[in-house]
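In order, the protein sequence lines correspond to chains A and B.
Using my numbering, the first residue of the first sequence is number 5, and each one after it goes up by one.
Using my numbering, the first residue of the second sequence is number 5, and each one after it goes up by one.
Accuracy of the hints is not assured; some may be wrong.
Identical copies go unnamed one by one, so any copy, or any two together, can satisfy a pair.
Claimed, not checked - Cut-off 30 Å, straight-line C-alpha distance, at most; resulting in silico cross-link-like pairs (DSSO-like, lysine-lysine): (1) K171 <-> K49; (2) K72 <-> K47; (3) K167 <-> K47; (4) K91 <-> K101; (5) K72 <-> K167; (6) K52 <-> K131; (7) K167 <-> K52; (8) K52 <-> K217; (9) K163 <-> K52; (10) K47 <-> K163; (11) K163 <-> K38; (12) K72 <-> K101; (13) K171 <-> K72.
The set of hints was computed from the structure by calculation and includes no laboratory data.
Owing to the predicted nature of the structure, the values given are computational and were not obtained by experimental measurement.
There are 2 protein chains.
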Amino acid sequence: MAQFTLYILENSWGLNPIKIGIFLEELGLDYELKGLELNSTDKEKGVKGENYLAISPNGRTPTLVDHKNNDFTVWESGAILQYLQNKYDTSNKYGSKSVEEQAIIDEWLFFQVTGHSPVQGNLYFAKNSWKKTYGEDPPQNVIARFSTELHRVLNVYEKQLEKQAQKNGDDNAWLALDHPTIADFSALAWFSILPLRAEVLEVDLAKYPFISKYIAHGTQRPSFEAVRKQIIFK
Amino acid sequence: MAQFTLYILENSWGLNPIKIGIFLEELGLDYELKGLELNSTDKEKGVKGENYLAISPNGRTPTLVDHKNNDFTVWESGAILQYLQNKYDTSNKYGSKSVEEQAIIDEWLFFQVTGHSPVQGNLYFAKNSWKKTYGEDPPQNVIARFSTELHRVLNVYEKQLEKQAQKNGDDNAWLALDHPTIADFSALAWFSILPLRAEVLEVDLAKYPFISKYIAHGTQRPSFEAVRKQIIFK
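Next comes chain A alone, as it looks inside the complex:
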């Protein structure tokens, strides 16, 4: 039996669960994926079903169960990343040397989960799902609002990555420190989809050379490859 069970949606990783898969791979920890049915209240299989809500009250993925720690369960991707860092990054490979360095990691992690993913998520929903959901074209100002904000956020990243490249060199231009941290695994999971969704999100990555280099460099890591190649069951 694998040490961890990682709950995801069936047939699809989802961007937040990918963060956890990447970090588990980086730490060399073994895990089993379990897929849940989207929008379903089925007791056993539904993401809003009784069994899943009992361990993850928000009814979203990812949730991580640690079988070597009395089945301790954590949900919210940011909290899971911090749990794994605190508990299992024992050689401090991805960590910080001080409370201050940890605060730098955490500010970029919180920026990703609060400033970046809700905006990219809302824009993608408007462009991809609004019509299916509401039977009308997405209102133009909804797209304007989230598109403007996504570009503002991407510019914040772009400037930070440029600064980090000047400070640490191109190969160590990570978001927070001079080595990859949970802030990077969080950001890269959401960046990794940008080349695929560039058209629908109307993001021209050529305008963000440091983000482009960061995506190319970061997603070449074996952890990304290992996550990508896993065939999701049904």
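We have chain A; now place chain B onto it with these hints.
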């Protein structure tokens, strides 16, 4: 000179800066407020001005500067709360006894900043600011989307607070543990405005008895009173 400078918007605390004010008060740490001009690129006073962006690259509030720690600067309310807990909750009054307890605090903290505030914020923007911004009434499905999600999120809180009341008693029905933590200061800051905005957000708090008790109980703490009574300059 106070130990900390806390950057907020002028004339207004804002819900995220309130979290930090409350926790600084709880910890008995002294701070000075500095107000920035909204939407302004004024070099010295603007929230998007050169001076502020140099210490807080996302150009939002709050940002905290710690003058007793070489002017170490943290932004993102979640990261600031964690920094203050790690560095200054030396008697562990608001803290955790283990990595596992900390993970429980953190999952509710991340839930607040990712699941709750973007939704309440987007709904308030639609109802209060859409017309001023775009010169049209807010699209009905924008309100439907964020209103439905806000009620879903409030139900997650309601069930958790009920569970905590059964486990720890009414007086200790805090979100994560049996005592207040940074997850509570984060949630209570955003809850504290709900009674005032019940009409515009169309939230009937009578439908959420445990949240109502939690707001009444939590916001009676002296820390809230101290934050509320501060007259913002200008």
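Reference check for the pair K72 and K101, CA-CA at most 30 Å: within, between, both, or neither? Classified as both: same-chain Cα gap 27 Å, cross-chain 19 Å, threshold 30 Å.
If the cut is 30 Å between Cα atoms, do K167 and K52 qualify within a copy, between copies, both or neither? This pair counts as between: shortest inter-copy Cα distance 18 Å, intra-copy 43 Å.
Go through the copies and call it for K72 and K167: within, between, both or neither, with a Cα cutoff of 30 Å. Classified as between: cross-chain Cα gap 26 Å, same-chain 40 Å, threshold 30 Å.
Within, between, both or neither, where K52 and K131 count as close if Cα-Cα is 30 Å or less: both (25 Å within a copy, 29 Å between copies)
Taking 30 Å as the upper bound on the Cα-Cα distance, should K167 and K47 be classified as within, between, both, or neither? between (49 Å within a copy, 20 Å between copies)
For the identical chains here, do K171 and K49 meet the 30 Å Cα criterion within one copy, between copies, both, or neither? between (48 Å within a copy, 28 Å between copies)
As a check of your reading, is K91 near K101 (CA-CA no more than 30 Å) within one copy, between copies, both or neither? Classified as both: same-chain Cα gap 15 Å, cross-chain 14 Å, threshold 30 Å.
Status of K52 relative to K163 across identical chains (alpha carbons, at most 30 Å): Answer is between: at 14 Å across copies they meet the 30 Å cutoff, but 40 Å inside does not.
Please work out whether the CA atoms of K72 and K47 approach to 30 Å or closer within one copy, between two copies, in both situations, or in neither? within (26 Å within a copy, 53 Å between copies)
When no copy is specified for K163 and K38, does a C-alpha distance of 30 Å or less occur within a copy, between copies, both, or neither? Answer is between: at 25 Å across copies they meet the 30 Å cutoff, but 38 Å inside does not.
Could you place K171 and K72 in one of the four classes (within, between, both, neither) given a Cα distance threshold of 30 Å? Close across copies (26 Å), not inside one copy (40 Å); limit 30 Å.
From the Cα coordinates, with 30 Å as the cut-off, is the pair K52 and K217 best called within, between, both, or neither? between (39 Å within a copy, 27 Å between copies)
The structure shown violates none of the earlier numbered hints.
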